[in-house]
Amino acid sequence: MKIASFNINGIKARLPALLTWLSETTPDVALLQEIKSVDAAFPRTEIEDLGYRVETHGQKGFNGVAILSRLPLEDVVRGLPGDPDDPQARWIEAVVVGRDAVRVCGLYLPNGNPAPGPKFDYKLAWMARLKDRATALLEAEETAVMAGDYNIIPQAEDAARPEAWTEDALFRPEARDAFRRIQNLGFTDALRATSAAPETYTFWDYQAGAWDRNDGIRIDHALLTPRAADRLLDCGIDAEIRGREKPSDHVPIWVELDL
DNA sequence: ATGGTTGTTTAACAA
124 MKIASFNING IKARLPALLT WLSETTPDVA LLQEIKSVDA AFPRTEIEDL GYRVETHGQK
184 GFNGVAILSR LPLEDVVRGL PGDPDDPQAR WIEAVVVGRD AVRVCGLYLP NGNPAPGPKF
244 DYKLAWMARL KDRATALLEA EETAVMAGDY NIIPQAEDAA RPEAWTEDAL FRPEARDAFR
304 RIQNLGFTDA LRATSAAPET YTFWDYQAGA WDRNDGIRID HALLTPRAAD RLLDCGIDAE
364 IRGREKPSDH VPIWVELDL
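Going by the numbering used here, the first sequence opens with residue 124, and the numbers climb by one from there.
Bear in mind the hints are in silico, worked out from the structure with no lab data behind them. Treat each hint with caution, since some may be false.
[Stated by the list, open to error] EDC-like, lysine to aspartate or glutamate: derived pairs with alpha carbons at most 16 Å apart:
1) Lys125 to Asp381
2) Lys183 to Asp162
3) Lys183 to Asp209
4) Lys242 to Asp209
5) Lys254 to Asp206
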């Protein structure tokens, strides 16, 4: 089973590019972030025509996440548990019913800039809730994947110019520590840990020719529970699509599990 | 230090 994650930066602007990528790479599951759409306006028909079920958790203007799946989905949950009053649509999870079941969690972690400040506080509070959800997945011994735009540069090697990010919310020690604490609960960072992990980034800014200069960062991640990590066959980053017409500033990541 | 770009939505805000 191939599970991909892609911050598309607006479904309205990215639909042709998304359909092309889906047709070319045929993931069984695609977790989308930054759909920037309300549920009713999401172009589900065009995606369903490619054989995907569509579950969205959107809002007006920004944020918004979705799950596309060629396999049946059960137990869809919208919103990260822990704050029913959180107005920002950044989490959706569901159980994919394949040869064996796997829980997929798609997340769009808050950016947090400028830091320090209320947006950075919100980022850290959201990460505390993520840690609680992650702990519950481990305690239930689930086969689960938490993938998406984490807005975290875990280590200096994950940036072409780490010195440019020292004061940024994506690289500040408090945010990296929070990410490390979650991973150290027992998750595998698939795109770093495996021999198949590619040596490339997942985000290149639109500004200042970042793609042409390969001035990127690795901020999209797939964390696997031990039961999922045991099934990991391969993983990758579809970096080349960053060079296409009207690209997102992120590129897709994917893991292949023996499920 | 500033500005550089894109998307949603139409004046900023978010990234």
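Outcome of the hint check:
1. Lys125 to Asp381: Given that 16 Å is the threshold and the Cα spacing comes to 9 Å, the pair holds.
2. Lys183 to Asp162: The hint holds at about 9 Å.
3. Lys183 to Asp209: Given pair Lys183, Asp209 holds - Cα atoms ~14 Å apart, limit 16 Å.
4. Lys242 to Asp209: holds (13 Å)
5. Lys254 to Asp206: holds (13 Å)
The earlier numbered hints are all upheld by this structure, with none contradicted.
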